[in-house]
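> Listed here are the chains, written in short residue letters.
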Amino acid sequence: MALDKATVARIAALARIKVPEAELGALAADLSKILTWVEQLNAIDVSGVEPMTAVAHAKPPLREDKVTDGGIRDKILANVPETAGGFFVVPKVVE
Amino acid sequence: MSALVKGHTGEWEVVIGLEVHAQVISKAKLFSGAATDFGAEPNTQVSTVDAAFPGMLPVLNGFCVEQAVKTGLGLDAEINLQSVFDRKNYFYADLPAGYQISQFSRPVVGRGKIVLDLPDGTAREIGITRLHLEQDAGKSLHDQHPSKTYVDLNRAGVALMEIVSEPDLRSAEEAGAYLRKLRSILRYLGTCDANMEEGNLRCDCNVSVRKPGGALGTRCEIKNVNSIRFVMQAIEYEARRQIEVIEKGGAVVQETRLFDSGKGVTRSMRTKEESHDYRYFPDPDLLPLTLDAAWVEKLRKSLPELPDAKKQRFLAIGVSGNIVNSLIEEREVADAFEDEIKKRISQKGLSPEETKSAVEFVQSPDQRQLSPSLLTAVTSSSGATSSTIVNFVFAVANARKEDRATLVRRLDLSGLGDLQDRKVISGRMVREIVEEMADTKKDAATIVAEKGLKQVTDTGAIEAAIDAILARESAKVAEYRAGKEKLLAYFVGQVMKATQGKANPALVNELLKKKLAG
Amino acid sequence: MSLNALTIAETRDRLRRKEFTARELAEAYIRAMEAARPLNAYLVETPERALAAAAQSDARLQKDEALPLDGVPVAVKDLFCTEGVETTAGSRILGGFVPPYESTVTANLWRNGALMLGKVNLDEFAMGSATITSARGPTENPWRRKGDNRPLVPGGSSGGSASAVAVHAALAATGTDTGGSIRQPASFCGIVGLKPTYGRCSRWGIVAFASSLDQAGPMTRDVRDAAIMLKAMAGHDPKDSTSAPVPVPDFEKAVGQSIKGLRIGIPKEYRLDGMPKEIDALWQRGIDWLTAAGATTVVISLKMTPYALATYYIIAPAEASSNLARYDGVRFGLRVPGETLDEMYENTRGQGFGAEVRRRVLIGTYVLSAGYYDAYYLKAQKVRTLIARDFDEAFKTCDAILTPTAPSAAFAIGDKMDDPIAMYLNDVFTVPVNLAGLPGISVPAGLSADGLPLGLQVIGKAFDEETTLRVAAVLEDAAGFEAVPAFLAGAA
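Residue numbers (this note's numbering), protein chains in the order written: chain A, 1 to 95; chain B, 1001 to 1518; chain C, 2001 to 2492.
I should point out that these hints are in silico values taken from the structure, not numbers from a laboratory. It should be emphasised that the depicted structure is a prediction, and the values quoted were computed from it without experimental measurement. Treat each hint with caution, since some may be false.
[As the list claims (entries may be wrong)] Here are the simulated DSS-like pairs of lysine-lysine, each with C-alpha atoms no more than 25 Å apart in a straight line:
no. : chain 1 : residue 1 : chain 2 : residue 2
1   : C       : Lys-2239  : A       : Lys-75
2   : C       : Lys-2277  : B       : Lys-1027
3   : C       : Lys-2303  : B       : Lys-1088
[Unchecked claim] Chain C stretches covered by chain A per the calculated footprint, using a threshold of three residues with CB under 8 Å from any CB of chain A:
no. : segment
4   : 2066-2080
5   : 2091-2101
6   : 2232-2242
7   : 2328-2340
8   : 2347-2361
9   : 2375-2381
Positions of the beta carbon are idealized from the N, C-alpha and C atoms, including for glycine.
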């Protein structure tokens, strides 16, 4: 699959990664090459095969409904780039 | 119930499906050990898992699964013994991981149904498509700062059940009835508080219109409506809007809309097209959820009696059909009612054996046979108590903005019932006594005694009052006798006024008729 | 002999015999760590912490109450969150991040008496095979080609770990392995690297790359040390749903046991076209060694092997694209301002991620996006099922599998940089093991023509690290690998 610059720009927007216009061409070429390479899987017949979503060896125990965490706001906010009044702060979101 | 909407070009049918997000009652969050309490200080109920710190992993809360399965059983739904948690990927300030853990392709609960009791007495079955577990997002506050949004993650990670209905609803009223019934079932099960004001029940409405029997129209989704009243208003408005668009020759655009409760209108949400590409895939941090069939059966057997069953039972013990729905809507009210009638039966002066049989009959009327007199004792008790609760206690609770069930529990209604049974007080005195009981915590008998509310059943006193009024109103008496019989109500009113409402109305009626016939 | 040249087993015994103290050992390693700075293996050095822990170890050793790893100085891959010590995953986007928690695996090590020397370099978010994509610059391999002083890569992504252990600036190191990130650098640096069964070590507190593939493991001087380290690192962790609730055996007991009668599978598909002759020859020597030790060999077929890399390069980026969404400038790490929330996200992630991470996140986003999911991601997951099935079938006829670890020896820093696919081919023999969730170990088995270490890989059945270690120890004995790198920091 050859990706064009517009597709790369759309994927980059979806992933929220700013890609300078000047780099789009080279990136599109890189990604196209990788995608074309992985398309070798097209040669395999997988009809009737279940997808493997996890390496499950045993049924894991479930958590009990107990409050065992939280109450650590100082730790939660210790690395924060911007905070006020105990909140995380981001540029204004218009809904 | 026919619910067609008239437009210029004829009648339209409204097609509605609802997606309800119900917050699961649990102490801890769906995938972390942080608390779920409402109204805590910002970011104090947040673990490093909820805030999506590097290397943090989700571990499923088994109780939340139990709650979802219980709800599924309560909706008469298929339980999927294998289900999968998926990641729904999108960026937002209050979604710390950049994805929400949800169930997309394989939900824990499949098809089920809800029976609606419509105001005209008919019932209608609404299909449930599915129920799945997912995490709630945090809360964004946009009004704290002119150029900033503040984010509180206390709610992030709290367990939600998304309950999706089939597009089976046909009017705003039906949508309202569906939500009330769902709320009632959730509360009976104890799986969701279903308090829309606290945001623990939220609703997305899918609305489209079509010519009756025609192909489905294009639908719009109205997001995040937070009260039953607003859901009904939003649907009403949206259906009208769509009909207008089509009748003007336009086409409905499939989109997400918001309901502005202030203006009572829906408006288009400005969303970028790409934000809908959620890139769902199975969460590799969580293995598929496998349930044990025997465990599900055990849960099924442990379910409480649900509203539909309770309704049938209450009808069988003498609750009137037109008030039974409001009596069973809240489990606590129904329970309190049941305790009251049992108390009342025990005060009827029956033998211990009779009392026992009667009480057992209340608990399972389909398993018991009663003698006609005992049956009358039960049905009169439940009939009177239920009507007192629905007609008077609810009114007082509403006026005082008090919780209905709490008020029913708090008041000694059996004492009140005893006075009614002995005809000491009239129906119209009940409201006054209930109000007084609510205010003072005194029992009914004390209030009756203190206020002199005793019903006047002394024929002499009533006759004296009637005579005085008939003498004063000779012109009206002549009219009555000339055939204007509806004046009777006027005379009754005058007599009641003269006796300060204490006269037994039945007696007044009887005596008046006799004297007027004179 | 320098203290730094001892293995964990030797160190442990001599500490208990009080031939030297944990403090002396820690000081020797701190000096070596400083001497090794030109390699850029350590990103953060924590000598005070090491000395404080050594004092506690000495107190226990004095009372003859030593813990299994008392005094053992360990380098920690900077993918493990360490409480109070900066953890960046080699990325700009996590610059300055100080975790308020300790990963389960490192906590297990400290609980067993080991001490932390510092945090070591890696490819950014563990995405790479050469430790050249780190925001903090590349790490060098202490080995040099004969007659060529050009710096070589240590392999990756656990290149800092491999380099530090090889140069004797750490007695052991933690690594993580998503597609070969423990075994390939172990092979490049002439040390032992063990990737345990998926679920054997907790992933809690390890910065996630690809959750269904990531697994932590030890990197050590010899096979016995790998067994000792794994016992301390492993165990069920209720905080990781994919951590297996299975007991942890005493792996060290397996080391030195006979392999007589064991059936060793030799996968025919692993003989690649164009693979250097010396790799093939080394593999043959390995077969001969095992046969000489009493094992029998069986040719097995892992027919999906040619497709493993392509499968991996769909699944791993897909999971990574989602795992790395949390680096958004809101709660920790880098924030590059923007007018709107989306601009802030795009600036932060645009400047915070390096080229390889960006490439993989975009590939991952693409293969999960509407219209492409079935063709790429779902297809890859189905092929993954077939790959795992191949191993299940093979293990019906054999007890362990022998393969080369990597198709080449270490290459020069700067090589293969402009061709991502050439770089990806480094992992051709290791990736299938991750896809199937099996244990694999790389053992140094010989030198290339230009004097660089080459490893052989033993692959075991799920949760059968014991047989894997047993076979690896026999290889190690037979190979008698005693070459040392051009540079040894602890030699003084």
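> Taking the hints in turn, state whether each one holds.
We went through each hint and held it up to the structure:
1. C:Lys-2239 / A:Lys-75: Since the Cα atoms of Lys-2239 of chain C and Lys-75 of chain A sit roughly 19 Å apart, the hinted pair holds (cutoff 25 Å).
2. C:Lys-2277 / B:Lys-1027: violated, 63 Å
3. C:Lys-2303 / B:Lys-1088: Distance ~34 Å between Lys-2303 of chain C and Lys-1088 of chain B Cα, so the pair is violated.
4. 2066-2080: violated (count 0)
5. 2091-2101: holds (count 4)
6. 2232-2242: Answer holds; 3 residues pass the 8 Å Cβ test.
7. 2328-2340: holds (count 12)
8. 2347-2361: holds (count 8)
9. 2375-2381: holds (count 5)
Hints 2, 3, 4, counting from the list given before, are not met by this structure.
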